[in-house]
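From first to last, the protein sequence lines stand for chains A and B.
Going by the numbering used here, the first sequence opens with residue 1, and the numbers climb by one from there.
Going by the numbering used here, the second sequence opens with residue 1001, and the numbers climb by one from there.
To be clear, the hints were calculated from the coordinates, so they are not data collected in a lab.
All C-beta atoms in this analysis are idealised placements derived from N, C-alpha and C, irrespective of residue type, glycine included.
You may find that some hints are simply not true.
[Stated by the list, open to error] Taking CB as the label site, the calculated pair distances span:
1. A/D117 to B/D1051: 18 to 28 Å
2. B/R1083 to A/G296: 50 to 60 Å
3. B/P1026 to A/A85: 22 to 32 Å
4. B/A1021 to A/S23: 55 to 65 Å
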Amino acid sequence: MAHKVIILIGTKKGAFLMEGDDSRRAWALRGPFCETWPLNHVIADPVNSTIYAAGGNEWFGPAVWKSSDLGATWSHSSENLVYPAGEDPIKSVWSLAPGKGCLYAGVEPAGLFRSDDEGQTWRHLAGLRKHPSRPDWQPGGGGLILHSIVLHPDDERRLWVAISAAGVFHTANGGETWDPRNRGTRADFLPEGQNYPDYGQCVHGLVMAPGSPERLYQQNHCGMYRSDDGGSQWTSIEAGLPSSFGFPVAVHPRDPATLYLVPLNGDVSGRYVPDGNAAVWRSRDSGETWQALRDGLPQGNVFFGVLRQAIASDGLEPAGIYFGTNTGALFASDDEGDSWTCIAEHLPPIYSVETLVVEA
Amino acid sequence: MSQEKSTIPDDRSSLARPTVAVTLAPALVRLFPGSALRVEVPAATVGEMIDTLECRWPGMRDRLRDSTPRIRRHINIFVDGERATLATRLAPGTEIFVLTAISGG
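Just chain B, same shape as in the assembly:
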């Protein structure tokens, strides 16, 4: 398990998307060997961000999003300090925090 900043390159389709910075919950990182606490990904929405994380670490999407689809009930994703949905749009350089809710332990 690495907790360093990830610099894994993305596929060509990602080039048009803004790059955003994502901080992942430690409990999530522990589930995916090789993942990192802080990553930069190309994504225009929170849903795309999760899809990009899934490409890097298969299975991570299921841990963050249910089949409704929506962000899991006890996962909080904050974008610029506000709780987000899958449709929340992301601007270049946005700071995103993926946190485990206090209600879920």
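Only chain A is shown next, with the shape it has when bound in the complex:
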């Protein structure tokens, strides 16, 4: 059966769709969509191929855009996507995750919402912001943002969220109550002796290994980590990487031991790829060892970064891997990262990359 691969691209100035066939060698770009709003996360529900785009416009506030026809037409809504009167208003939507018959949205200032009607209306899952740690949550460079939502594939009541800079939180009851899950992750920006708090870590990205829901990986402001118990305890896997700093992390679509990072040169060093050479770093053994993947990526005088939601895999065999840069370039690999091709340049700064595979 022939497929169409659609790369969903969220940028500072709208959504773009890059379409290719099974070969993943020829691509065609469509966009910009969504009235060139800044879009932090563009995803698709794999069940019905509905595309959602989350963002916030400086003039018009936060909204989730929706297309049910692969980008031909779009609508938007933020009905009940609000905090109570008097609280700091929601500035932007930062992350989306499709559940079984529902859609979750993470926002800035950090909070979690759920829609049961495909993004038309929203319900605040207020339990997260009732956590006693909330007065201590501090914004990172991107704001106080809930940027990662990870759903348990078999238990709808269980989900994890990641907040910069409050850390990872887990609920086992659909969002009524939450527990911090940060043990073992560092906060180098706190005074010596206070570097392993219960919460307050600056997590940058959180993903779940395929077929292994208790295995989580996170890229943190201060290191890279793996958990094999649903985040109760984290183990550093940064040995062998060129830097402990980076934003994005992606997992292989089938192999729970394979993951991809784009380490940057450090939080006070410009946040570029190290030494001006672009590389994606891959581990095939759950983070025990790492391999730099450079074939086809620019080497020398490269000063881009890759933001937290701007790397993704597809579900094909072999897996395709894609990442976008904050300088508007999009790179693709059709061989699990072994080699790369630049398939778009001169886009607006890329905030997110996701994929959708449909029948051609």
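Knowing the structure of chain A, use the given hints to seat chain B on it.
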């Protein structure tokens, strides 16, 4: 999308309110198919004006007003040449301009 003057009738509760003329920002009109660059609405305050726009084009209120509630930071609503708040009162025939601020693009 229509950019002609809107003549959509309002509900009976609007009859006691003064009618005011509103010019909407093009970037706002583009978000709501069927809306118009210039409309006449019954409203005694800017807040009521926004509520009336919401009745005509669901979702428009969220684009103009946040949950504080107040007019969004990068939206300017001018009433008789002065920047207004939600509580600004409107007289019959008032000209209102809803503009996107230069700071927000």
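Verification of the hints:
1. Distance hint for A/D117 and B/D1051: a CB-CB separation of about 23 Å, consistent with the stated range 18 to 28 Å.
2. Taken as a hint, the range 50 to 60 Å holds for the pair B/R1083 and A/G296, whose Cβ atoms sit roughly 54 Å apart.
3. Judged by the Cβ atoms, the range 22 to 32 Å given for B/P1026 and A/A85 holds: they are separated by roughly 30 Å.
4. With their beta carbons about 58 Å apart, B/A1021 and A/S23 fall inside the hinted range of 55 to 65 Å.
Violated hints for the displayed structure: none, as all numbered hints are satisfied.
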